[in-house]
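> Residue-level listing of the chains:
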Amino acid sequence: MLSELRTQFNIIGALTVYDLQGQMKKYNYGYAWVILEPMMFIAFIRLARQFFSPLAPPNDMPPLTFYTLGIIPLFLYMDVMKEVYAAAGTSSKLLQFPRVTPVDVAISCGLSSFCIYFVLFWIFVLPLSIYEGAWPPKNPLGVMETLLALWVFSVALGFVCSAPFRVFPPTSQFIAYTNRAIRVIAGMFFVITMIPTTFWPYLTWNPLLHLNEFMRDSWFSSYTSPIADAGYVAECTLGLLVLGLSLERFMRRVPYT
Amino acid sequence: MIVDFRGVHKRTRKTIRPVVFKDLNFRIEDGAHVAFLGHVDSGLDALIDLICSADAPDAGVVRRGSMISWPIPDTGFIHKHRSIGACTRFLAQLYEVDPKTYFSQVVEVGGLQEFVGERLDHCPRSAVSRLAFALGACLPFETFILTNTKFEGKDDDAKFGQYMTDVLSRRGLLLATAQGKAAQTFCDSAYVLDSGQAVYYDDVEAAIEHLDRIAPKRADVDVADLVEEDEGRTFDDF
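Sequence lines, in order, name chains W and P. So the first sequence is numbered by our numbering: it starts at 13 and just counts up by one. So the second sequence is numbered by our numbering: it starts at 14 and just counts up by one.
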């Protein structure tokens, strides 16, 4: 049992490093886009704030750190989820290694994506929070737990989406549009206290909003989230994980389109 | 048992002329040297994908037993912007062998000493080809899947060819090819892929004769397709 588990970890480790080595090799500018995209987003929202005062973060939370804490975790969510459903839903050359399964490929793609955005998170947050006087975070362990929870949630959702994507690839368009909408209502540039309480019941169904609330709650000593619920996030993640892995197992019998 | 097909149905996808395998039933025992003979559009790739578990059958069951390789010398998984070292490290971790020993073996067997540290897209094709064979040959597989046997024949690669021949003689082999000569050299029995069926021969020469008989049939089909296309075009012109 232990040796099988070790083998599994070795396979996932090897595939993750392999995936990281191959990431964006087709682009001459390598990882530049990964850094540029969130940077543009943060700059855009920071500028928008100049014109729309309701976007200003409450409780004396410094704006750049506030937006960065909202944007990069959501980029992580979107990228991990996309990588997982694409890897589990399409045929890969790596599956010709008889000991590699679609789950291994999907998890390793998600893991490599996590590595990139985890590093990116600290590259952005560390200097910005020091510059704005928001360093150190109130609860560093909470920040790490939130990032890990976000990764597990994204992987679980990725597995769920891989099933429809495998039988009907244009599903990816639908997923992309839905993700854009979810991103906006997931607390990318607001915390729940900025929203009238009448809307709270409609917004708090979204586990990503809870995770974003956890992130800001863990970072800023001046903010305590009134809605962040770890139990709710855990239930959603567990449910999606069971559903996603079951679907993946079932879909292995279905040939690739 | 290397592989066991039970009532397997499979229709090839993304091909101009799809092949439909119907009710494939065969079992290949450990240590066997078996050839799958078929022309380019006979569905050989789809069959190899089924054996490697890279794809699922439309119906039926494929069971795999012994430790089989990937289709050698496939280089699709190799990052061409990386070096031999990166490539061997990846496979060493995947197959849980000592990376240093594996690297030295691959370099020695493939005669790749002068290309160590070089990006693979800067290496000559013959070196990459030798690397592709050596990567598989230096791992402890019980059965090899080969899709090409071009390691034999060339004078400068004679030593390498001899090594590969020795390795293959000691382990199981599934050879997927359109070359009857290679099957004759390495295999004891063969399946010929003909019209979606796998016809078994315990005599490789008879299998090759069958393969040769398919070629004229394919030529007829090609001509028929051309006539149809011409007729279609004439009709459209009117």
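Any given hint could be a false lead.
Listed next, with one range per pair, are the computed distances between beta-carbon atoms [as the list claims (entries may be wrong)]: (1) P:S117 with W:T236: 56 to 66 Å; (2) P:K35 with W:Q185: 51 to 61 Å; (3) W:N22 with P:Q126: 45 to 55 Å.
Quick list of in silico lysine-lysine cross-link-like pairs, DSS-like style, CA-CA up to 30 Å [to be verified]: (4) P:K194 with W:K105; (5) P:K194 with W:K150; (6) P:K35 with W:K105; (7) W:K105 with P:K163.
Rather than coming from a laboratory, the hints here were simulated on the basis of the structure. Every value quoted in this text rests on a predicted model; they were computed, and no experiment measured them. Positions of the beta carbon are idealized from the N, C-alpha and C atoms, including for glycine.
> Of all the hints numbered above, which does this structure not satisfy? Sort the numbers upward.
Those not satisfied are hints 2, 3, 5.
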